[in-house]
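Colleague: Sequence:
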Amino acid sequence: MAHVEIKKAEHPGTWFIDSGCSNHMTGNRDWFTELDQNFRHAVKLGNNARMVVVGKGNIKFEVEGLIQVVSDVFFVPELTNNLLSVGQLQEKGVVVLMDKGACKIYHPQKGLIINTKITANRMFTVSANLISGPIRCLKVEEEEITSLWHQRYGHLSNTSLKTMHDKQMVKGLPQMKEAVKVCEVCNIEKQHREIIPKKSQWRESEKLELIHADLCGPVSPISQGGKRYIFLLVDDFSRKSWMYFLSEKNEAFDVFKTFKSLVEKEAGTSICCLRTDRGGEFTSSMFNQFCEEHGIKRQLTAAYTPQQNGVAERRNRTIMNMVRCLLTEKSMPKRFWPEAAKWTCHILNRSMTSAVQDKVPEEVWSGVKPSIGYFRVFGCIGHVHVPEPRRIKLDNRSHKCVLLGVSEESKAYRLYDPITESGDQS
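Sequential numbering of the sequence shown, starting at 1, is according to UniProt numbering.
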């Protein structure tokens, strides 16, 4: 039997997050989308009074624009409050963190789903909106899929996602519905002034005929690895992007040499032209001499005219907008901006662009249509398997971490353990 005793809430949509309650429960029949009315049980309050449970089922409610599903909820008609059991949430693999006056709830796949602060009476509550009826539920499921892939794709527009599905530009993307609700994270993090023209005058006809390069930074705070700058390079023909992180601007020269070897080997041809601004990192004598020796023509933009390098400038702006969205969505520390930026670059190489018709940059570059079935929401909870030699008989076979994207070295997810503050792959 469960044990509950909480003062009645002022608002009927309030749910108490209760660590002393053994089961989710509500006294309002309207919350349920499914209910087994043959189920019987009893709950005991703090004053030893008993209440009868006359059903158990599933509920769906809306919290801050997102639809949440809670299963195995008790229906207790005499109960005046709605209760979410911390223990029952944890049994379902959900992580509940209570610290410094805040309660954060992480879903194994969706990441952070609830973030609430302690109330004046020292309770954690969730303000939810009722969702009921089978037609509404079907609509909610469709909206959930659209919202989930909007998050997995780093808050790419729903119009772009729908177009990519309709034109079969990638493998594994489900059918998208038009978004009913405006994404609050996009509203907050994507505000800007339009200063760079969207359309280029022309586009090259072969890979590596023109490379756009741009340096973004310094970014604050400094990353865990001491990085402060993003060095972005974009192939004009395919629009595929490559990203590197620098501690100092003068590292750009050595990184460019590494990049040149990589892409020329993949493409089977040489870089013909490099377009950059007139920053000292791109106009040093060593950089100029290297380009001359390898037959790389230089195109330098005029002073104070970033639009002349619009391809790289726009891509950097898009990346930073998406980085802000990813970090805000899961309330992640800003020091993880390089991980968010790397994942964003990976996403954009598998996203439609107006410069290339009916194909994503990765397919134009490699000739292979990419599959994106492995996409997950940045910052969601992942499980890392613990190898047998590293555990004894009763140790857990995995531990929970935060997903930070995919590994470039192997077919695995990059994960971060907030307890040990270490990275891992799985």
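What the hints contain is simulated information worked out from the structure, not anything from laboratory work.
This one's a predicted model, so the numbers in the text were calculated from it and none came from an experiment.
Glycine included, C-beta positions come from ideal geometry on N, C-alpha and C.
Keep in mind that a hint or two might mislead.
If you anchor each label on the Cβ, the simulated ranges turn out as follows [stated by the list, open to error]:
1. K334 - A412: 19 to 27 Å
2. T258 - N121: 56 to 64 Å
3. E206 - E64: 46 to 54 Å
4. D99 - E64: 42 to 50 Å
5. D72 - K334: 33 to 41 Å
6. D99 - E292: 52 to 60 Å
Each computed DSBU-like pair below joins lysine-lysine, with the alpha-carbon atoms no more than 30 Å apart [claimed, not checked]:
7. K260 - K369
8. K369 - K171
9. K171 - K400
10. K104 - K369
11. K265 - K297
12. K104 - K117
13. K117 - K100
14. K411 - K171
15. K369 - K411
Colleague: All hints, please: hold or fail.
Modeller: For each hint, the structure was consulted:
1. One distance hint, 19 to 27 Å for the beta-carbon pair K334 and A412, holds here, with the actual separation near 25 Å.
2. Distance hint check for T258 and N121: the Cβ-Cβ separation is about 58 Å, which falls inside the suggested range of 56 to 64 Å.
3. Remark: the range hint 46 to 54 Å for E206 to E64 is upheld by a beta-carbon distance near 48 Å.
4. A beta carbon spacing of about 20 Å between D99 and E64 contradicts the range 42 to 50 Å that was offered as a hint.
5. Our hint of 33 to 41 Å for D72 and K334 holds, since their Cβ atoms are close to 37 Å apart.
6. Take D99 and E292: their Cβ atoms lie about 58 Å apart, and the range 52 to 60 Å holds.
7. For the hint linking K260 to K369, the alpha-carbon distance of about 24 Å falls within 30 Å, and the restraint holds.
8. For the given pair, K369 sits about 7 Å from K171 by alpha-carbon distance, which is consistent with the 30 Å threshold.
9. Among the hinted pairs, K171 with K400 is consistent with the structure: their alpha-carbon atoms are about 29 Å apart, no more than 30 Å.
10. Between K104 and K369 the CA atoms are separated by roughly 38 Å; this puts the pair beyond 30 Å, and the hint is violated.
11. For the hint pairing K265 with K297, the CA-to-CA distance comes to about 19 Å; that is within 30 Å, so the pair holds.
12. Taken as a hint, the K104 and K117 pair is honoured in the structure, with Cα atoms around 9 Å apart against an allowance of 30 Å.
13. With a C-alpha separation of about 9 Å, the suggested pair K117 and K100 falls inside the 30 Å cut-off, and the hint holds.
14. For a cut-off of 30 Å, the pair hint linking K411 to K171 stands: about 17 Å separates their Cα positions.
15. Proximity of K369 to K411 is assessed by CA-CA distance (about 17 Å); at most 30 Å being required, the pair is judged to hold.
Hints 4, 10 from the list above are not met by this structure, while the remaining hints are.
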